[in-house]
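So the sequence lines, in the order shown, correspond to chains A and B. No gaps in the numbering here: position 135 of the first sequence is 135 in this note's numbering, and each next residue is one more. Take any residue in the second sequence, count from 1 to its spot, add 665: that is its number in this note's numbering.
A portion of the hints provided could be inaccurate.
[Stated by the list, open to error] Straight-line distance between alpha carbons at most 27 Å, and here's what the computed DSS-like set of lysine-lysine pairs gives: (1) B:Lys-1453 to A:Lys-111; (2) B:Lys-1171 to B:Lys-1151; (3) A:Lys-642 to A:Lys-606; (4) B:Lys-1266 to A:Lys-139; (5) B:Lys-1453 to A:Lys-258; (6) A:Lys-642 to B:Lys-1453.
[Unchecked claim] Looking from chain B toward chain A, a few residues come up when the C-beta cut is under 8 Å (computed): (7) Ile-1333; (8) Val-1340; (9) Thr-1341; (10) Asp-1450.
I should point out that these hints are in silico values taken from the structure, not numbers from a laboratory. Just so it is clear, CB atoms sit at the ideal spot from N, CA and C, and this is done for glycine as well.
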Amino acid sequence: MINSEKNKNKFGFIGILAMTAVVFGSIFSSCEKYLDIEKYVYDQTTLDSIFLSRARTEQYINGAAELLPNESQLTGSEWGYASALPSGLGTDEAIIPFELPGNVILYDEVKETDPRYDIWSTCYKGIRKANIVLQNLSKNQELTEMELRDFKGRAYFLRAYFYFSLVRMYGPIVILPDTPFDTDEDVAYASFERSTYDGCVEKICADFNEAAELLPTDRIESLQYLPTRGASLAMLARMQLYAASPLFNGNTYYADWKDTQGRNFISQNVDKEKWGKAAATYKKIINMNKYAIHTVAKINNEKGTGTQPLPSTVSSANFPDGAGNIDPYKSYKTLFDGTYQPYIVKEYIYYCVNGMAGNGDYRMVMPAKLGGNSSFSVTLDMTDDYRMADGRTFSQATDEEKSGDAVGQDKTFSMDYLLSGKRAHRDDGREARFYATIGFNGCIWPTTSHRDGLSSGTRNYVADYYYGGSASDMNNNNNRNRTGYTNRKYVHQDDCIFWNGVMKAKTYPIIRYAEVLLGYVEAMNEMEGTYKDGDITVSHNVDEIMKYFNMIRYRAGQPGITTSQASDPTTMRELIKHERKIEFAFEGQRYWDLRRWKDAYDAYNKPIRGLDVSAPEAQRSQFYTERIWNTEKTMKRMFSNKMYLWPISRTTLRKNGKLVQNPGW
Amino acid sequence: MKTKHILLLLMIWIASINSAFAQESINASGIVMDEKGEPLIGVSISVKGVPTKGATTDLDGHFKITGIRPKQTLAVSFIGYVPQYIEMTKSNERMRIVLKENAIAMDEVVVTASGKIQKKINVTGAITGVDVSSLKAPASSVTNMLGGRVPGVISMTRSGEPGKDFSEFWIRGISTFGAGQGALVLIDGIEGNLNTLDPEDIESFSILKDASSTAVYGVRGANGVVLVTTKKGKAGKLNLQVKANAGMAYSPRMPKYVSAGDYASLANEASVTRGGIPIYSDVDVALYKNHLDPDLHPDVNWRDVILKDYTWNQQYFLSASGGGEVARYYISAGYTTKDAIFKQDKGMNRYNTNVNYNKFNFRANVDVNVTPSTTLSLNEETVIITQNYPGFGNDSRLLWEAQSSLTPVTVPLMYTTNQAPGYGTDKSSISPYVLLNQTGYRKLFSNNNKITMQLNQDLKAITPGLSIVGLVNIDANSSQTQIREKMPAIYYANGRKRDGSLDLEKISDAVDPSYKSDNYTDRTFYYEFRLNYDQVFNKVHRVGALVNAYWKDFEASKFTSLLTAIPKRYNSYASRLSYSYDDTYMAEFNVGYTGSEAFEKGKKFGWFPAFSLGWAPTQYKIFREKNNFINYLKFRASYGVVGNDRLTWDDSVRFPYLTLLSNASSGIWNNGSGVTETQVGSSNLRWEKAIKYNFGIDTRFFHERFDMSVDFFKDIRSGIYQQRQSIPEEMGLVTLPWANVGKMNSWGADGHISYTQPLGDNDKYVTFRANYTQSMNEITNFEEDIKKYDYQSAVGYQSGINRGLVALGLFKDQNDINNSPRQDFGSYLPGDIKYKDINGDGIVNSDDEIPLKYSYVPQIQYGFATEFNWKNINLSVLFEGVSRVTYFRGGNMFRPFSGRNTGNVITDFANPANRWISSEISGDPSTENANAKYPRLYYGNSSNNGRSSTFWLQDGSYIRLKNVQLSYILKGQTLKKFGMQKAVFSLIGENLALWSNEKLLDPAQGGSNGNEYPIQRIYTLQLNLTF
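Same shape as in the complex, but just chain A (with noise of 0.2 Å):
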């Protein structure tokens, strides 16, 4: 028991001492320390941390890399599901007979509430980061001159990069502030008119610029796949291209479609000096001189399986003034099929992995018995429009060249170029682009790489679209090609999925030189006068025109233009058109070029064509019947206006009053 009269006032006296003492002491012991929770999240990685490195800097540039659409997976991940846009699937080069995101377009099943494709939000999410970069950038003492310099290039290269691809897709798009909106901003302010398409493509053509001023040349090869000067130039000649193009450049069908202060989303007045900057930048790379059309030298070899012999149509001087000592076939094959390291590869300006490599879209194109389902179908508009090797138009061939019977005896060219007896005249005695680009019935699929025994599998692997023939699987109905045609541009000779065979890794340009040339020669033709940046001068020059278009035809054994084709423009607006099908076919570039073109109706409001595989082998002439093809969905392809933008989903104009549609959705 305590005396408690004793203790009074000493326990009083302590108790008073010790409670100010703790009550105090914890007052000013920092209010915010009891509620600090740094020391649980220090290290873990924040915002404000990444900035401060260097290596983490430079990881978070990659996290916006991360989103940009990935446009090597022209058909998608392994059946052909979710591709990176609908370039692969949507254009008039081929069909596939089942309904994919990627050919719903075709058949008019887009919707404001199901677009399919619907990458605004990821590439305004790519921008945001660009922002952020830039920024923060300033905040980083690591970082030397240059590699600011290159940082700083990369995320303006992402921001032009995701504008570009939304401005391609849907046309004008929202232009945002440089700076990052803070997360609780006001809904209101944080919602943006769009712009008109001019001022996207300032905006775009600015950015672009930017990231050339600060982008280096040259990269060492483990960094060979980021941007440089070149590829900033030719984005933004792509850009400036596609804005010359007559969808976007005085198009009286969007007339009506105003923003709210009355200004033409699409400008109504012709301006032909857009194509004059699209020249000059496209001057500027070639100017360069880093870049150059990818040749391989003529193979000769006393068996006869060496280079092809060139027809006496095509000069046989050396490249670039001729074909005389490249091998065509292999020149054009070899950018596609992996055969060289692509750092090596001068022709690639822009270029990624193919995330087709693996299995991907080879389960697309490849027959039934090499285990895919051969269903990607290319139409006979397109195989139509490969010339004969001497330059003559497939319709100007001879009744025989054009018929269905069997050649009768093997062939093989280029080395490794296996040509069956089986093939069709029809298939025999094209260009060299045919036999590196299309599948034909007949033609030899080598998975070379097979390496199990003899018995299992096949080796060189004759193509058989016949009905119940062996490239397809009758028990599938989507496992059957659809009109005897298919695309072997991303196939090598030893490509096999199974057998313990090998894909080959391959490389997708983004851009290559001949998308340069090919530009330069188109902003020539079409532009007037002449136009001045900086130093550069460029104006409507034949010679120039001859030269650089003749090495596209050079380098794929095909002969040359004269001088009054490329005197004329209209002339030559058709021959660039034709040359951009062949040159670029499958590479994810006709479905806009015909939209820029505004030849998109045309081209798709006429019906699939295709040789008659309903037929079986013993009807051999009768599968070589061409036939018009509408016997199902994916058949019944249809173009309209609406479809020249894609619509912006319907969530998305839920959450910005100020959005308006595209035209027509």
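Got chain A sorted already, so can you dock chain B onto it with the hints?
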């Protein structure tokens, strides 16, 4: 009635005798003081039976009355003190009247923030002191007693299941659509749980409603605060209290389902009326009716199979308190046990599978005077709960769902070949009989311990009125669920084989008994210091000050990720200054400076100031002299800011201000790894803020017999957390951030009035009480997608408002259909529900859904009670009601055959008058009644009739006879022989009657459509002994 009249007559008679004998005049004067010898100011002294005579003590406590007749009685009364009656025989000029503080009259003092006891007369905030004696009824939880008893509280009991039969309650209704709508509950200053508190332990109970009374709680106070203090020992002799009761509970209202025969013919009608073929043949229907084939043609009333008629509850309580000058104690123990109403088939298993709830409460409050000025207290509370469930789940809901989804014809109880029946693998497709008896069992137990050590130092050595308190609290809880689960093989009979035996299809394999357990622990550390100052200067200046600081830290095993497992912490500094002059003018300033770990550096703390003013004109001498009717009148007004830091109700979102990153790739750049945000840091996150206005009037009049208090309030909430669902996609945020964007206003009034009519002596009186709470709200900003029509927005409407189509009745005939807008919800025929085309676009679709009046939380709750006391007998009656509440009828119950062969059909549908019947079936055109209660039957899911619409919108208002208590109180010599002071025998009835539009269910459970344990009616016999 008769007694009352006689009584009144008697009183008048006694009074007249008194006056008849009065002749000479005497004087009385002197001083009135409290037990400490402090003079009391403003004490009213009146002469019984002479309303004109009387006086009030002055500033020194003095009074003087002249002209009193001998044998007249002086009544000396003062708020908060026991009145004294002094019979005057001769003049006395030097009277010393000592008034004792009235410990029982708790409504005269209230507990305010930080547990401070304040005289109600000085309170300026909106605080309801709850009469603790009214909380002594044997209810499942203190929360169940609030509705209808406490003004300012909206409360609903949604379930009758033991262990879940607690109420959700909101102080002044719902004032935010964000997380954390509930009030802060503090028991002895520590956050606690009202559901496990034994009402007998409560010393005082108050509800803090406005900003002025909750500002010191800062970031935790936005939704109001409930303050409870528990009993403490008092110096003196041992006080022992024993309570025991036993209650019988049953379900007064449950949906009634049709028999097999009725079911089959209704099913046939449902199919045929839509052009289908009969579901059951005539032979089937006959077999259902005559019960000759129990395997394939069963007729099971699942209610009878798994429910008992009634069940028992018991409660025991024991407390002892007392002590001496040096130490005092209060210890108590309570035990509650409740069995659910499920009927276990003891033949099926050897363990208990019934749902039950057992609670053990222990409390010890010990105070030790370490020095004359230092008190050390230890408060300890332990609550141990054990619960039992059938093996399938922690919830009896499935048993109710199975009852409502299994039709009488689906499966028999058991097949005669002894297999367990079921028609699907989903648990609600299995017979509830199997679920209850053959799935094993699970046991839950939880231990909840709270220990508080408190040191109270009187600092009058420094200056009188100053004291300091420091306390440490540790709250440690753990629980475990032991699951012993199994499942028999489930069969379904498809018919009979050729040999006549049952063709049984095995639906699922038997699952052997298995064991697993779930464990949970949490703990809270809490420290608090308080500096208190109270002093009266010059007898009129009452000054109070409080400075308080606390630190709270909470961790729990349920948080399992790096971020969520960071301790939840609060740190607060608060202060209050109060001043009153002569109890006439009052002013109070409160401020909280509260911080939470939830916010980013530099933004963790916020200021929460509040002001309040009070004015009591009745304190003016002049008012008192001129006015005999109004005995007391006070006006109060307050304004302040409080906050709410909860982001989500389950704390799953924490630290949204942090930008978190994780590994990514570099995509097509092939440049090694990348990083990307997994959470985009939300900038500028702050508290949800509530600006609160309150205006109140307290008054007593007519000889203090009427006591009334009214408060009007308005809350302006802003910065309610919302995840930004509808920001423009162009903002480019990788994850949706949180922001303080929501806004909501709520307003209303609450109040109470009581009237006490003495019927003679102190122990004879009748009291009437009524209280009322109304709380309305409107969302003023809500982040949402751009809506096509204004009425689709949340803005401008009540939070949680029911939305649906407007029904125009049933289609009369094909003509009616042809002339009406097309309805876009599947096929429909005459007799189906016709909807209004709100937007006039010629199509009825989801765009025509509009906000329909009210939500599932009532806007108005009220109660009225009466208490009659006549000597030893006390009768109290409480009615409680709600209104302005609606819900949609739905589910199986109101959509028969929507699951085709599942879904029990309520008898309401069997009555042909209730539904639209095609004349082709009834042969009578009059049965095509467009005003019928239910539409044309549908075998399958009628997506037209099943839409939420006014057709199914049910008014959820009700008035409930919530409590009736009849007590007999024994006191006096006979008891003293047994050492007893008092014995009370009570008969208590709970939920005895219900008046509502909804006749099929208890409207408080309306939204559950029969899938919830019904609210029970309980009769309890109680014995309460005080030694």
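Structure-based check of each hint:
1. A hinted pair counts as satisfied when its Cα atoms are at most 27 Å apart, and Lys-1453 of chain B with Lys-111 of chain A qualifies at roughly 18 Å.
2. Distance hint between Lys-1171 of chain B and Lys-1151 of chain B is fulfilled; the C-alpha atoms sit about 17 Å from each other, no more than 27 Å.
3. Restraint check for Lys-642 of chain A and Lys-606 of chain A: the C-alpha separation of about 18 Å stays at or below 27 Å, so the hint holds.
4. A hinted pair counts as satisfied when its Cα atoms are at most 27 Å apart, and Lys-1266 of chain B with Lys-139 of chain A qualifies at roughly 20 Å.
5. Taken as a hint, the Lys-1453 of chain B and Lys-258 of chain A pair is honoured in the structure, with Cα atoms around 22 Å apart against an allowance of 27 Å.
6. Using a Cα cut-off of 27 Å, the hinted pair Lys-642 of chain A and Lys-1453 of chain B holds, with the two alpha carbons roughly 24 Å apart.
7. Annotation: Ile-1333 of chain B was flagged as interfacial toward chain A, and the flag holds, the nearest CB pair being 4 Å apart, inside 8 Å.
8. About 4 Å separates the beta-carbon of Val-1340 of chain B from the nearest beta-carbon of chain A, less than 8 Å, and the hint is met.
9. Hint status for Thr-1341 of chain B relative to chain A: holds, with the closest Cβ pair at about 4 Å, below 8 Å.
10. Among the interface hints, the one on Asp-1450 of chain B holds; its C-beta lies about 4 Å from the nearest C-beta in chain A, closer than the 8 Å criterion.
Every hint from the earlier list agrees with this structure, and none is contradicted.
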